[in-house]
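Peer 1: This is what each chain is made of:
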Amino acid sequence: MTEQLELDDMQGLLVRGYGTLPEAAFLLLRFDDVPAARRGLAGWADSVTSAERAPAGTALNIALTAVGVAALSPDGRLPAGFSQPFADGMVTAYRSRLLGDVDDDDPAGWAWGGPAGDPICALLLVYAERPDLLAGAVDAATRHAAGHGMTVVRRLTTLPLSEQEAFGFRDGLSQPTMDGLPRAEAGAEVVRAGEFVLGYPNEYGLLTERPLLARERDPGGVLPPDAAGSGCADLGRNGSYLVLRQLRQDVAGFWDFVDHAAGGPDGTTPAEARELLAAKLVGRWRSGAPLTLSPDHDDATLAEVNDFGYHHLDPDGLRCPVGAHIRRANPRDSLEPQPGTERSRELNRKHRLIRRGRNYAEDGEQGLHFLCLNASLTRQYEFVQHSWINDPSFHGLVGSVDPVVGPRGAGGTTFTEPARPVRRRHPGLPRFVHVRGGAYFFLPGIRALRYLSSLPDPTLSVR
Amino acid sequence: MVAPIQSGGTSMAGQVPVTVRATVCAGQLDAVRKVLADLRRHGPQDDRMPFAALPDVHFARLFVLEDVTDLDGELIPASLVYMADVDGSVDRHLRRLATRAGTGLDEVFGYCVGWPASATDRQRADWLRGHCLQPAAYYVHRVGRTVAQIQAEDRLRTELATMVDEAGAAGESSAAAVRARIEARVRATPELAWALRPAAGLGLAGRLRDTVHKLVPAAGVLLALPVVVPVLVAGLVAIRAQESTDRPDTDRPDPDHVHEVERYEDFAAQNPFTAVGLLKPGPLRRATMRVALAGLDWACRHRYARDNLAGVRTIHFARWLPLDDGRRVVFASSYDGSQESYMDDFINRLSWGVNLVFSNGLGYPRTRWLVFGGARDETAYKHYLRRHQVPTVVFYSAYQTLSARNVDDNSLIRDGLRHTGTAGDEADEADAAGAADEADAARWLRLL
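Residue numbers (this note's numbering), protein chains in the order written: chain Z, 1 to 463; chain G, 1001 to 1448.
It is worth saying that the hints were derived from the structure and are not from the lab.
Computed from a prediction, not measured in an experiment: that's the story for all the values here.
Glycine included, every Cβ here is placed at the ideal spot set by N, Cα and C.
Please note: incorrect hints may appear among the correct ones.
[To be verified] Just a few of them, taken from the derived set where beta-carbon distance is under 8 Å, the chain Z residues facing chain G: (1) Ala80; (2) Ala87; (3) Arg379; (4) His386; (5) Ser387.
Taking the hints into account, I'd like the entire structure generated from these sequences.
Peer 2: Shown next, in the form of structure tokens:
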């Protein structure tokens, strides 16, 4: 069965990463004057880029935090049915434990999104074909915000779109293909639309929880009806949850570690040993070629091959270590109790993310504005982060979190390169990636955005 | 059903569930809450509940069951519950706890009805014993593995892993050679000599008891099949009729309640799960619950006593405890990972088993024929669990960093030190044996 997607009501980011628009900036907004902000958002709602066709020139997408949605609501409260992590925000003590945002990465020290920082209500994602177009669009958006009771509290800049992330590896290769969209390639991993877009069946064949409103709260009939037939208006339909995290990458630290750890007894590090160890940490060579398919040397022709599994080719991680970054972030067919089977892949499909991150370099630091989309923050983003990336006991490992992006306790973490007859252990890996900011957003459907920006003020509402 | 655990002189190595439940005196609930919060702050060194000084405790918890009105409008008063998974016997544990904590226990249980004032250690232990409850079903990840064994085997793994590092640096050419080298090192190290002996396990008496426990009910059920089958079928049909009219509770959990539960989660490799709920009305549901739990208990002990509960490998201990004359049931477990991954495991791998037991609970997502549906409704099921969860204010783990998989692997590592030597008369046999030994050694080394 192929899903009929309402592309004209979905924001474009859900179906494309705007590869033709290499320039981007992300603006974090605060609402100072809610009625004015509503009018401002209504203006943007008319020009927001839908999923229907690839944009030319520039693109604009808009997401809201729970604080933002609540501010726009007539009663000042977040409508019921939004997921709990979204409602609570990314920086509660519990969430910080879950996500590993502790010690040096405690939100108290974040550049934005932390408990002491400016409240964030909305996120404006601006994309453009050329730097001058981006500058124009950002200027226009900033003026529009200022003219409508909104303040840009932070502008996150990005580097021109690149296939490489800051450590030098090709990134973003393994993306799930949403059911209902044209298949990217044969063998692509197709995932039910409801895993990413609210209001459609997910991998359980069910509709994920979403905010449903009594019909009288939408007298104008702006919102689509609940697909489950409850008679409610569906504020969630064609929307998604957007996770944004600014991840600083310690590039020098990463390669220093690799140089040191791959070094021979004479203190020198052959280039091949260095490249191999770095690839073992990531699970791919620089070109993106997976170690599972090309264990001994980089092979750029394999970079985009994505229909591989781990269990049959490499159950023990002799090619791609069990603890390698990509094997944790997406274990493919290695989940128990029946690794190597369709059943295992089926479990894995319940924890997939659409990634839309962009690199950045500013204020002397570089890294990734990690951005992903999912329908369930708990079952998808938080699960991947907690139970795969951050789990020291992942797949029977001991005291080993993700060697590239995972958080670290006091003594660092251990990375194990399986080998015969004896594995090689690298204890004391320092932290290479630091969280500098982050927040959970709701990327509404376009009708939902119109609805939210047309709500009456509390003072005008009938009590 | 056969009560799996009797008090008194059970095997030294068996694991038993301790459950003490005491009614809180009227008006003293806040005082009890304050004590629990205080115990939590002080950790397992606190004199009042000195878990760290009790070598038999795997996991322990203290929590409050709020007062609730049952389906007939009768008030069930609030109570304080202490649970632990211990080696040996309930009696021995309670005596040890009373001796260690002494008057400290007065502060913990002193707000409960009937707690003896200015008592002796013995009297306190007796009081606790008198307030013990027996779960209807109990799961132990590996029956017979003690706290001492788990901790010793983890230290062994650390030592052996360092030896493997050295063997790697020395450039050993085969897995068998590495293992032989390590085995020799262990043999030459008196402090590690224990590792070359098999773990004590249940012992002969324990295994014998286990076999009786396994065969007697099974034989009984088999003999009674002509009666059992029609009764079960009739029961199932009657349940099916009720299922369509039972009313699932679709409410979202109160965010404040969720936050309160979350406050106590994700501090160690393991998390506590504690939940309580009323049963659906009528004798049929109570009977179904009893039968399901009896079957589950038997299966836990004889089918799932080695490292997994029907394929789920992340649970260390779990218990199902009927309360208040069967009007309520408490489920409590110690599991690896997050709440979310735990619930997913049950939905994806074990929904039939979860349904069989929990669908007798009031408000559970709609099931069909007792085992279908139910937990497969992800959102409804997750909401149901969160709504019924009890904040586990005090939780203790004797091995905070070890997942159940880690504990299992550590035992395999120890067992692998005692591989049988290989020798053949003919050259071919020797070659084959050598290859088998190499493969075996390689498998073993993968754990290190």
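Peer 1: If a hint holds in the structure, say so; if it does not, say that too.
Peer 2: Hints, one by one, checked against the model:
Annotation: Z:Ala80 was flagged as interfacial toward chain G, and the flag holds, the nearest CB pair being 7 Å apart, inside 8 Å. With its C-beta approaching chain G no nearer than about 7 Å, Z:Ala87 sits inside the 8 Å limit, and its interface hint holds. For the restraint placing Z:Arg379 at the interface with chain G, the shortest Cβ-Cβ distance is roughly 6 Å, inside the 8 Å limit, so the hint holds. For the restraint placing Z:His386 at the interface with chain G, the shortest Cβ-Cβ distance is roughly 5 Å, inside the 8 Å limit, so the hint holds.
Checking Z:Ser387 against chain G: minimum C-beta separation of about 4 Å stays under 8 Å; hint holds.
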